[in-house]
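As given, the protein sequences belong to chains A and B, one line each in that order.
If you read the first sequence in my numbering, its first letter stands for residue 44, the second for the next number, and so on.
If you read the second sequence in my numbering, its first letter stands for residue 44, the second for the next number, and so on.
If you're looking for bench data, these hints aren't it; they were derived computationally from the structure.
Wrong hints could be hidden among the right ones.
Which copy is meant is left open, because identical chains are indistinguishable; a pair holds if it fits in one copy or across any two.
[What the hints assert, rightly or not] Straight line, CA to CA, 25 Å or less: simulated SDA-like cross-link-like pairs of lysine to any residue: (1) K258 - R275; (2) K180 - P228; (3) K224 - L406; (4) K224 - A272; (5) K258 - V187; (6) K90 - G204; (7) K224 - R347; (8) K258 - V192; (9) K224 - Q413; (10) K305 - D266; (11) K179 - A410; (12) K176 - G65; (13) K176 - D85; (14) K305 - V264; (15) K179 - E88; (16) K176 - E88; (17) K176 - R89; (18) K403 - G98.
There are 2 protein chains.
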Amino acid sequence: MRFSSLLLVPIACVLASVAQAGGIGSRVFVVERATGSLAVYDVVERKLLPQKITGLGDLRHATMIFSPDLRFGYLATRNGQVSRIDLQSLERTGVVFTSENSIDNAISQDGHYIATAEYVPGGLTILDSESMKVLKKHPASFEVGGMRVASRVTGVVDAPGNRFVCVLIEGAEIWIVDASKPDFPIEHRIKTKQTNPYDAMITPDGRYYVVGHMKSDRVSVLDLTQPEAGVREVSLRDPNEEYDRGTPVKLPHLASWAVAGKWIFVPLVGEDRLAVLDRTSWQLVRSIPLRGHPVYAVRSPTEREVWVSFSGEEDDAYVQVIDVEALAVTDTLRIGRRIYHMDFTPRGSHVLVSANGDDKLFLVNAATRQIEDVQTVRSPSGIFGAWRAFRIGL
Amino acid sequence: MRFSSLLLVPIACVLASVAQAGGIGSRVFVVERATGSLAVYDVVERKLLPQKITGLGDLRHATMIFSPDLRFGYLATRNGQVSRIDLQSLERTGVVFTSENSIDNAISQDGHYIATAEYVPGGLTILDSESMKVLKKHPASFEVGGMRVASRVTGVVDAPGNRFVCVLIEGAEIWIVDASKPDFPIEHRIKTKQTNPYDAMITPDGRYYVVGHMKSDRVSVLDLTQPEAGVREVSLRDPNEEYDRGTPVKLPHLASWAVAGKWIFVPLVGEDRLAVLDRTSWQLVRSIPLRGHPVYAVRSPTEREVWVSFSGEEDDAYVQVIDVEALAVTDTLRIGRRIYHMDFTPRGSHVLVSANGDDKLFLVNAATRQIEDVQTVRSPSGIFGAWRAFRIGL
Chain A
44 MRFSSLLLVP
54 IACVLASVAQ
64 AGGIGSRVFV
74 VERATGSLAV
84 YDVVERKLLP
94 QKITGLGDLR
104 HATMIFSPDL
114 RFGYLATRNG
124 QVSRIDLQSL
134 ERTGVVFTSE
144 NSIDNAISQD
154 GHYIATAEYV
164 PGGLTILDSE
174 SMKVLKKHPA
184 SFEVGGMRVA
194 SRVTGVVDAP
204 GNRFVCVLIE
214 GAEIWIVDAS
224 KPDFPIEHRI
234 KTKQTNPYDA
244 MITPDGRYYV
254 VGHMKSDRVS
264 VLDLTQPEAG
274 VREVSLRDPN
284 EEYDRGTPVK
294 LPHLASWAVA
304 GKWIFVPLVG
314 EDRLAVLDRT
324 SWQLVRSIPL
334 RGHPVYAVRS
344 PTEREVWVSF
354 SGEEDDAYVQ
364 VIDVEALAVT
374 DTLRIGRRIY
384 HMDFTPRGSH
394 VLVSANGDDK
404 LFLVNAATRQ
414 IEDVQTVRSP
424 SGIFGAWRAF
434 RIGL
Chain B
44 MRFSSLLLVP
54 IACVLASVAQ
64 AGGIGSRVFV
74 VERATGSLAV
84 YDVVERKLLP
94 QKITGLGDLR
104 HATMIFSPDL
114 RFGYLATRNG
124 QVSRIDLQSL
134 ERTGVVFTSE
144 NSIDNAISQD
154 GHYIATAEYV
164 PGGLTILDSE
174 SMKVLKKHPA
184 SFEVGGMRVA
194 SRVTGVVDAP
204 GNRFVCVLIE
214 GAEIWIVDAS
224 KPDFPIEHRI
234 KTKQTNPYDA
244 MITPDGRYYV
254 VGHMKSDRVS
264 VLDLTQPEAG
274 VREVSLRDPN
284 EEYDRGTPVK
294 LPHLASWAVA
304 GKWIFVPLVG
314 EDRLAVLDRT
324 SWQLVRSIPL
334 RGHPVYAVRS
344 PTEREVWVSF
354 SGEEDDAYVQ
364 VIDVEALAVT
374 DTLRIGRRIY
384 HMDFTPRGSH
394 VLVSANGDDK
404 LFLVNAATRQ
414 IEDVQTVRSP
424 SGIFGAWRAF
434 RIGL
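Make a model of the complete structure from these sequences and hints.
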């Protein structure tokens, strides 16, 4: 090689992505619903990072999941769009439209596959988490009088054994999909006894898949260790409460249930009570009276407390703290207007609270109950900490 | 600015640290005891990373903790050395000697402070996790006949409320240190009723601090929600078993206890049994017969299974799987010789096993029991996944 040619060699200069302060383990992604963007808060540094991730689509009911290696977050949005966010550079590095209308997503325990639950066209789509390529589409349909009819799909979660579990709304059927086998077979299809499931969740130990039904006070519970046994029905009606004849018990949003200690805490939307079920028998044990209509019940990682948020202008700035041993309210805190979401930090030291009505994100010390940080965020709703990568069913 | 001066401006070229494949969330640090180094395994990529981190000192009983933002791991080694490892570049970026002989470390829940428990000189040292500067030294001593005598310290853990908890061996005293207050005060000093505590652990919910005593079949249990109540003593002797008069029940290593479902599983070293205590009452409920002398009991994140390793050449290549509902052995697996450590991946899909006698690290599928990956690692012992950042007391 002649010397002169060296001059023509472009200077190889690796320009790192704009370096972010702090590390990815303490990053929390806050949905700014009105602007279709994500704000990023660092819970150790206690500050908002300068960048926002924008152009993410319709963020109503948006859910974010994280790859187990913490390279990526995946945001599924209502308009059928899945965006891949690089957790280091905080840039969007991939996007795919899996449907016209999606509701939920999940990542397989091996980290290789993403499943999205879709309304239009109804089905379950499996993506490669690395390439974002669609690997499989399971269209959802069921038979009525010899005709095949389309169904929406919702409530997709990861489950032990590298499975995905979801439920068909019109089909009234739970699917268990094996993400370790070629072509992602639906290995179980389990009919629910009631019609119109509308939402589902998996218990944090990965054992039970719980399905709510429209206009019903009973949920369907499937023990994933023996799916062939089918669902059992569990009543959320308190036999000690009086109900107006025919009054429907309103619909709980399933992600709002909290499993802690021996109990399962269920916000009965439209009632001033939290139902307490026995975690083993699924029997309703009692109701805990509250200051208003509960929306979310969130457990501390210590399983010693459950924090509850409320609907309605008079109550939605408040959080009530339930003691899991006493099964009673021990604290009532005013945080900020229209609380949409809460989440504990992974070792339970703090609670992140989004107050949509005040455009604020709060960091509350779980031990002292003091608000230790407040940040301005536009119309915040869902809060997703990177540590969710390490929890079953999130 | 004149044009010519531009030529003098050095070309700003950010050279990123050697980029590693994969992400930090799936990195597992494996202690190579004989060579004083750490090997790094990626549990998603299923490969060893090319670099090792070397020159780390005496790695007997080395423990590694992780900052909540996942920027750093901190390895405390027997010779009093704390090394800070950059989890992205896998380089050592800090080192400090806090004593001549240390045993354990912990990181505060806010991520700002590291505590190391020390033998020589005995005490608890608090470091700044960012600068690695020593912020406080609590020398450990106690009074005997008007004289102050030095004590070793062990069993340091993080606890709810940004606390550290540790125990003085010769002092027979538990300390609770508040890491949120200036000068890190020892806010509680609780005497144990028995002498010579030698090790301790905190339950995964952060509630109970459990201390083992030399040559005793009773452990001390402190409820951290009411430390002023002092310790209660819990017997590990099975009333249904016959003991030779005077035979001491041998010493369980406290980190080897598994809390799962309603139970606490305790390997009774030197006996062919696992003791099962009720998690609420701390009463011994029964013993589970095993193929040999148990060393470690490790719970699945699903809390449905506990995996047990063994001592002794005839048994130490085996793992027995206990079903938490049936309280019985359901599987016996041969993995590799001299199993020193096991850990589940965070959503429970796999178990990492170090087989010191075979110089191997195994990845076992927890559902199928199949060995899915084997790597050669020199004299492996402790296995520390980055996800430990998000667990209380690890």
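A quick look at each hint next to the structure:
1. K258 - R275: Within. Shortest intra-copy distance 18 Å satisfies the 25 Å Cα cut-off; inter-copy 50 Å does not.
2. K180 - P228: within (11 Å within a copy, 59 Å between copies)
3. K224 - L406: between (43 Å within a copy, 19 Å between copies)
4. K224 - A272: within (23 Å within a copy, 55 Å between copies)
5. K258 - V187: within (22 Å within a copy, 71 Å between copies)
6. K90 - G204: Intra 38 Å, inter 21 Å, cutoff 25 Å: inter-copy only.
7. K224 - R347: For K224 and R347, the Cα distance is within 25 Å only across copies (24 Å; inside one copy 39 Å).
8. K258 - V192: within (22 Å within a copy, 71 Å between copies)
9. K224 - Q413: So K224 and Q413 pass the 25 Å test across copies only (15 Å; inside, 49 Å).
10. K305 - D266: both (17 Å within a copy, 18 Å between copies)
11. K179 - A410: between (46 Å within a copy, 24 Å between copies)
12. K176 - G65: between (31 Å within a copy, 19 Å between copies)
13. K176 - D85: This pair counts as between: shortest inter-copy Cα distance 23 Å, intra-copy 31 Å.
14. K305 - V264: both (17 Å within a copy, 21 Å between copies)
15. K179 - E88: This pair counts as between: shortest inter-copy Cα distance 22 Å, intra-copy 41 Å.
16. K176 - E88: Classified as between: cross-chain Cα gap 19 Å, same-chain 36 Å, threshold 25 Å.
17. K176 - R89: Classified as between; 22 Å across copies, 36 Å inside a copy.
18. K403 - G98: within (21 Å within a copy, 47 Å between copies)
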